[in-house]
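Go by the hints and put chains L, P and V with the ligands onto chain X.
Listed below, chain by chain, are the residues.
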Amino acid sequence: MMSAEHTPETMISVPDAPNSGTRDGSASDRAPRKRRSWARELSLLPAIVFVGIIGFALSANFLTVNNLLNNVLVTSSVLAVLVVAESVILISGNFDLSLEAHVSLAPMIAIWLVTSQVGGGSGWGWSPWAAIIASVVAAVAVGLLNGLLVGKLGLNAFIVTLAMLILLQGVTTGISGGATYAELPESFVVLGSARFLGLSVQVWIALLVIAGAAVFMTRFPLGRKIYATGGNIQAAAAAGIRTKRLTVGVFVAGALLAALAGFMLTGRIASVTATQGDGIIFTVFAASVIGGISLDGGRGSIVGSALGVLLLGMIQNILTLSNIPSFWINASYGLIILAALVLNYGTSLRTRSTR
Amino acid sequence: MMSAEHTPETMISVPDAPNSGTRDGSASDRAPRKRRSWARELSLLPAIVFVGIIGFALSANFLTVNNLLNNVLVTSSVLAVLVVAESVILISGNFDLSLEAHVSLAPMIAIWLVTSQVGGGSGWGWSPWAAIIASVVAAVAVGLLNGLLVGKLGLNAFIVTLAMLILLQGVTTGISGGATYAELPESFVVLGSARFLGLSVQVWIALLVIAGAAVFMTRFPLGRKIYATGGNIQAAAAAGIRTKRLTVGVFVAGALLAALAGFMLTGRIASVTATQGDGIIFTVFAASVIGGISLDGGRGSIVGSALGVLLLGMIQNILTLSNIPSFWINASYGLIILAALVLNYGTSLRTRSTR
Amino acid sequence: SRGASSKSGETTVGYSAGALDNPFAVRLSKLVVQKSRAGGLNMLSAVNAGGDPAKQVSDLNALIGRGAKGIVLHPRDSDAIVPAIKAANKAHVPVITVDTAANGGDIYVQIRADNVAMGESACKEIGRLTGGSGTVLELFGSLTTTAGAERHKGFTDCMAADFPGVRVIGKNTNWNTATAADTAQTVMSTSNIKAVFMASDSVMVSAVQKVMQNLGQWKPIGQPGHVGVVTIDGSAESLDAVRAHYVDSVVSQPIDQYGSLAAQYLKQAVAGDTLKPGPTDHDSEIVERNGNLEDVLPSPVVTITNADDPTLWGNAS
Amino acid sequence: MPAGQDATVPAVDDAEHSISAVGIQKTYGSARALDGANLRVRSGESRALLGRNGAGKSTLIGVLTGLVQPDEGTVRIRRADGSFPAGATTGAATGAIACVYQRSTLVDSLSAAENISLRAHPRTRWGAVDWKRLRHTGGDLLEQWGFAQLRDREAGTLEPLERKVVEVCRAMVTEPRILLLDEPTAGLDEGATQQLFSQIEAAKARGVTILYVSHHLAEVFEICDTVTILRDGRDVLTKPTSELSIESIVTAMSGTSPAAGADRGDVSTAARTRVDPAKPAVLQVRDVCVDGRVSGVSFDAPAGAAVGLTGLNGAGHVQIGQVIAGQISAARGHVAVKGRRVQAQVADAIRAGVGFVPEDRHVDGFVPGMTVVENATLSILGELITPVGTIDTRRRASHYARQATAWMIKAQPSQNAEELSGGNQQKVVLARALASDPDVLVAINPTAGVDVTAKDSIYTSLAELRDAGKTLLIVSTDDDDLAFCDQVLVMVKGRLDSRIDAGYDEDELIAAVQGVHRNTPAAANQDNNSVTGAFEARTPSHPLSSEETT
Ligand SMILES: Nc1ncnc2c1ncn2[C@@H]1O[C@H](COP(=O)(O)OP(=O)(O)OP(=O)(O)O)[C@@H](O)[C@H]1O
Ligand SMILES: Nc1ncnc2c1ncn2[C@@H]1O[C@H](COP(=O)(O)OP(=O)(O)OP(=O)(O)O)[C@@H](O)[C@H]1O
Ligand SMILES: [Mg+2]
Ligand SMILES: [Mg+2]
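These protein sequence lines are chains X, L, P and V, in that order. Using the working numbering, the first residue of the first sequence is number 1, and each one after it goes up by one. Using the working numbering, the first residue of the second sequence is number 1, and each one after it goes up by one. Using the working numbering, the first residue of the third sequence is number 1, and each one after it goes up by one. Using the working numbering, the first residue of the fourth sequence is number 1, and each one after it goes up by one.
One chain only, chain X, in its complex shape (with noise of 0.2 Å):
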C-alpha cells in the first residue's frame, strides 16, 4: 500500500538546482514553465504574423524594408512611448488617463514661453532649452499632483485622471486660444527630422525607451516592486515595499514620458496645435491591453506591450497602404483587431483570460 520511495527531502523540490530527481522529474518539468512565461511575452507574434500575411496579400507596398522601417516603425513611435508610460501605470495598478493631455500641453507650454505676444504666445520670450524644462517641470508636477491624489488620499484613479485630463486639455486651449504655432525653434523640430543609422531618432528614442522601461521592470528591483504593487497592494506593503511613494513615482514618471512623447509627435508634425494627441488614450490602452498588460495591475510586460503597438501600427499602415473605402477603413480597424483578438484566443491568449 505504502512504499516507501517518498522520503520527505524528495519532496521539496528545487529544479533550478541541476538534478532534484523527484516524483515528477522536475527537469522536464522547468522547462515548459520557462518556455511558457516567453510564450506568454511574444504571445502577439501569432497575430503580427497573420496581420502581416493581410498586409502582403493587399499591397505589394506592404513587406518591404522601406515602408516598415520608414512608415511602420516611425508613425508608431509616439504612440510606443505613450504605451510604456502607461503600461507602467498599470502594471501598478493605477491608471492614467491624462497622459494624452501632456502630448499637447508640454509642448504648448515650452512654445508659448518662447514666442512673441504678436505670434499668440506670452511675449517674455524664453530661450527654447529654458521653455523646455520649465515644460518638463509642468508635467512633473502635474504626475506628483495625480500621485498625490490617487496614492496618499486613495482616490479613484481614472476619475481623477479623468478631470484631470478635461483641466489639461482646456489649460491648453486656454494658452493657445486655440490657435496653432506653426513657428518652432529648431530644437524643437529636432526630432523630427534627425537620423541616425538610417532610421529615425524617434524611432530611435522609442526603442530605447522599450529596452530601458523593459530591463529596468524585469531585473531591477524597483521594477520588480512596481510588478508587486500592482499585483497585492498589500501583500507588497506587508513585504515592507512603500507602496504609497512607489504610486507617486510611477505617475510622475508616466507624465515624464508622455511629455517627451508630445515633443516627439511636435516635431513630427513641424507645429504645436491644442489639439495633438487627442483621443491617442484609446489607442494606449487597446495597444497595452492587447499587449498583454492586465488592467487590474501587477500583470504583462513592456516587450508584449510594445509588440501591440507594433501590431496596431502594422494594421493601420495596410488599412493606408490599401484600396478599401475611406468609408470602410474604421469597419476595418476594428474588425481586423477583432479577428486578431479571437484568433489569438485560439493560439495562446488562453492562458491569461482568466478574470
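Since the hints were made in silico from the structure, they are not lab data. Glycine included, each C-beta is placed from N, C-alpha and C at the ideal position. Warning: the hint list may mix true and false statements.
[Said to hold, decoys possible] One side of the interface only, derived from the structure: several residues of chain L facing chain X at Cβ under 7 Å: (1) I159; (2) V171; (3) V189; (4) L191; (5) A237; (6) A286; (7) L338.
[Stated by the list, open to error] Distance condition first, Cα-Cα at most 16 Å in a straight line; then the derived EDC-like pairs of lysine to aspartate or glutamate: (8) P:K30 x P:D256; (9) P:K153 x P:D106; (10) L:K225 x V:D130; (11) V:K279 x V:D467; (12) X:K244 x V:D225; (13) P:K276 x P:D106; (14) V:K239 x V:D225; (15) V:K132 x V:D152; (16) L:K225 x V:D225.
Below, chains L, P and V with the ligands alone, put in the same frame as chain X:
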C-alpha cells in the same frame, strides 16, 4: 478541549459598542448601518449642493424652475440612460465601451432601412416600426456577441468592446457615407418633442429607466446576482450563479438601453448623424464613477450614478450660463470635477476609497 | 430679463460654436465676438458645443435664457442644427449662420462660402498642375462634417469628370494633424505622387511639409522633383509657402468677411431690418434658397501672383 | 488500493452512496493535482479527507462541487430528489450539497447576511428579495456563533475568523444533505471550533453526509467515522477511524515510517527556562494602544525565546503583532527592537530587524502572478543585487533554495505562487518573513493550513532560529503553536491579562483566555496593564508621547 463554561457571549468582541453585552443589540446596531448605506448612495449630495451654490452665484438664470427642468434635466436624459446601462455592466464586473456606438448605429440602421436610395438609404422602404425593431435586433446581436466573447471565451472586456466600438462606428459611417438624415418619420422624432405633465418625455423615460434599474438591482434576486458576480466571480460561481449566462445577459441589456438612448438623441436633434454620441462614453464613465460605481465591479448603486449624471449636467449647464470665455470652459469643467472629488473626500467618499 | 440690456442699453447677442477644435473655428469665433462688440452689441462670450449637436441645442436655449436678442451660429452639422434653430424661432430670436449653412428653420441670413466650389477650384488647380495624368494624394477632412464632405465631393466629382486620367488616392485625415502626417508619410513613400491636395491647410500644411521635406519631395516650383501642392483655407503658413514658391495654389476662405458681415447682419437683425435678395456691396449676391436668404461669398484662388493681397485673412496678422 | 481505473474499483451498491468520484485526473500545466483519485462516501457517513500539502484534497473538493473540471473520471453526487446522476453539481443540485472552501469565497461588497443567502435569496410574493427574511436568516445563524453583530457588515470588512464563520453559516443555511468542509478550523479559535463541531454533530444526527478536510488530526478522531488519505493525487488508504492512530495516518500521508512523531514530543516539552528575566530584552513593547482594540500593552521579549501571544477573537493580540511589524500604527506607545524605535512602517520594521508573517495569506501574504522565488524574497528585493543594481537571480535562487529546504516548500521556484496548494503558500510567506534574516520574527497563525509533517518541520526550523538567538513572537490560537512557546501571553479585551509558562495544562490556558483566573500565581496587574515577572518593563521610565509613534 474547551470547557463548558465557555459560553458564546464571552467570545463576542464589539470594540466600538460600549455595552456589547447583548449579542444582537440590533437596535443600536442597525440604525447607524442604515444611515451609512443611505449616506453612501447619497454621498454626492454635498457636491451637488456645492455646485448648486456656485451656479446660483454665477448666474441668476441657474436656479430657475425652467432652467432646471427644461435644460439640466432634458440635456441629461440621454446620458442618464447610457449611465444606467454602463453602471449595470460595471457592477457585473465588466466593461463596455461599445455602448457609445449604439447611440448612432441603432437610429442609423433604422433610418437607412426607411429611406429611399435617392435620400441616401437602402431604398427598401421599410416601415418605420419594422426598421426600429430591426435596429433593436441588431443592438441585441451586438450585445450578444460582446457577451459571448467576454463571458464565454473570457476575452478582455476592455479590448473586445473597444474593437467593437471602432467596428460599429465604422459601420455607421459606412452605411451613411457620412451623410446626415434629416427627413425622419414622425415615430423617430416623437421622443424629442412629446411632453407629459409639463416635462419632456425624455426626462420621463430617463426617470423610468433609473427607477426601474434601481429597483431591479436592489430588490430582485437577479440584480443581487449581478452584484455578486461583479464582487467576486469565483464566489458567485461557487454559490451556483451562472456567471457566464449572466454576463451575456448584462451586455445585451446594456446594448438595448444604449439603442434607446440613441433614439432619444435622434428625437432631440431631429436628425440622424453618423457622429451622434461620439465621445460620450468618457462622460458616461465619469458620471458612473463619480456616482460611486467601482470599476472593479460589485459596488455602487444606480441612484448614486444617476446623481453623478445630475452633477455633471449641472456643471455643464452652469458653465454654459456663465460668462467664462469659451477657451477656459473646459479647464473650468475639469477643475470643478477635481474640486468636487476632493471636497467629497473631505465629507464621505473616504469610505469607498480603499482599493 | 436681467442680461438683456446691461452695459448702458447695448443689446445682448450670442455666439454658438459647433466646435472649437480647429484653428479656423477658433479664429471665426474670435472675429465674430470681437466685431460684434466693436459694433456696439453686448456680445456674450462664445459657447462651445464641442462637436455635439445636442449640446448646441441646449447652448442655444441657454443663450436665449440669458437674454440674447440675436444669435450667430456656426453649425457643426447642417441638419442636426435644425432643432436648435427652431427653438430660437419659437423664442422669436433671429439667427444668423456663418460658414456652414443650416438645412431648415427660419434663418435671417446664412453667410457662407461654397465648400463644393472650393473643392472644384482645388480640382482645377490640380488638373492644371498634373496636366491630366499621374497620381494625386487627396487628404480630406472628416466626412461627417459638412466642410469635409462637401470639399471632398466637389473635388472628386470634378476630378472624375474633368481629369479622368488622374488617379486620386483619397485618404481621410479626420481633420487630425498627426493622421495627416502619418498618411502622407506612408502614401508618399510608397507611391509616386505628382501632386497633393489638402482639404485644410490650417490643420495639415506644416505636418505634410515636414513629411515631404524628410522624403526629399518638398522642392520649389520649377525645380525637378517638385510635387504640386494645393490647399484650402489660406492660413498664414500656407500663404508664406506660396510666396516661398513651394505651394502652388491656395483656395482662401473669406473668414475675415464672415466676421464683419456676421456683426453687421446681426445688428440689422436685432434692429428689425429685413434683407432682400440682390447684389451686395462686397462682390457677392444675396440669394434665396430653400426659403432662406444666403450671402454666398467667393473663395479666391491664391497663387504667387496674388499672395500678398492684404484682404486675405492669412495676411491679416 | 492505489488504483485509477473504474474496473479496479469494487462494485458498490450506488444506492447507499452520496458521493462517488472514480478515477479523477486533473493536471495543471505540468503539475498533476489528481492522478486517478477515487472517493466513495456512504449517505450519512462522515469522512475525513487527509493528505499532505499539495496532495490534491482541495482540488478533489472542487471537482465534487463542479468548480474544477476534471480531465478524466466520473463524479456522482446525490441530488435533493434522491437521484444520483453523473456530472458536476454547481447549479442544479444547489440544495443538496454545500461547501466551505479553503479559500475565501465571500463577495466582499455584499453584507454578511446576503452572502449567507447568496445561493437563493428569500423572495416575496412578487419575486423581489425579501430583505427582512434574509436578514433574519443570516442573523439567526450568526447568532449561534455569537456573531449576530456581523449581519449587516460588508464582508470585505470582516476579519479572517469572522469570514470563516460567515462561510460556514452559508454552507449550513441550505440545510444540505452533503457538506464539504475544506480546513474549516484553520484560523478559528477554540470557541469557534467547538461551535463548528457541535453544528457538525447536529448535522450528523440529521443524517448529513460529511467530507472533512483538516490538518488537525485530533479533530478527525472527534468527528469522523472513516478516513481517506490522498497522496500525490491518489487515494492510498480508506479505513474506519477506529482502526487508525495518528501515527499510522502520518505514515500513510507521507509514505514513510514516522520519524516526525518523536519531534512532536520534543518540541512541546522544550526547555522552559529560556525566558530569563536577566537576559536583555530584544523586543520591547511599551504602552501600545490601538483605537478600540488594544489599550496600553507593554512587555519585553529576550533573545533566544519563543513567546506566544493569544486571546479570543478580537482580544487584540493580532493587532499587537501588526503594530510590531509596522503594518498598523499605534495610537499611543511604541515598539523598540534592540533599543531602536520602530516607525509605523513595514519597511522600517524590516530594517529594524523584524520579520513578519501576516494573518491572512490571501490578502497580505503573496502577490499572485509572481513566482514563488520572487514572493519568498520580496522583502529583500533591494539587497540581492549585482554591482550594476539589477537583481542577482543566482544569489536569489540559492537563497530561496535554502529557504525551500528549511520550510519544505513543495513547489517549482518559477511557479506562479497562486497555483500552490494552501499550505505551501503559507510556507512561502514564512520564507519571505525570514528572508531578511530578522532578529525578531512576528508570526500570526504561522501553521494555519500546514500539514502535520510540515508543521513539525516548521517547529524544528523555528526551534533552530530560537536556538540561534532569535526572538520569536508567535501570535496564534492554535494549541500546537502555543505549546511550542516558552511562555504564553494571554490578552483579554485589549489588555494583557496573564502570562503562562510552558508546561501549563490545557485547562489553565482555556481559563486564561476567558479572563478567568483559577490558579494564577502570576496574576495580571490590572492597573498598569503590564505583565509582571519576566515581561516587566525594565525601563519603566520611558517618557511616552503619542507624537513619537505616529
Ligand atoms: N489553479 C492551479 N494551477 C496550478 N496548479 C494548481 C492549481 N490548483 C492546485 N494546483 C496544484 O495541484 C496540487 C494539489 O493542490 P491542492 O490545493 O488540491 O492541495 P491540497 O491537498 O488541498 O493541499 P493543502 O493541504 O496545502 O491545502 C498542488 O501541487 C498545487 O500546486
Ligand atoms: N440592503 C437593503 N437594501 C434594500 N432594502 C433593505 C436593505 N436592508 C433592509 N432593507 C429594507 O428594510 C426593511 C426593514 O428592515 P429591518 O431592519 O426593519 O428588518 P427586520 O427584520 O425588522 O430586522 P430585525 O430582525 O433586526 O428586527 C426591509 O423589509 C427591507 O425592505
Ligand atoms: Mg487545500
Ligand atoms: Mg482576529
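* Are there hints from earlier that the structure breaks, and if so, what are their numbers? -> 3, 4, 5, 9, 12 and 16
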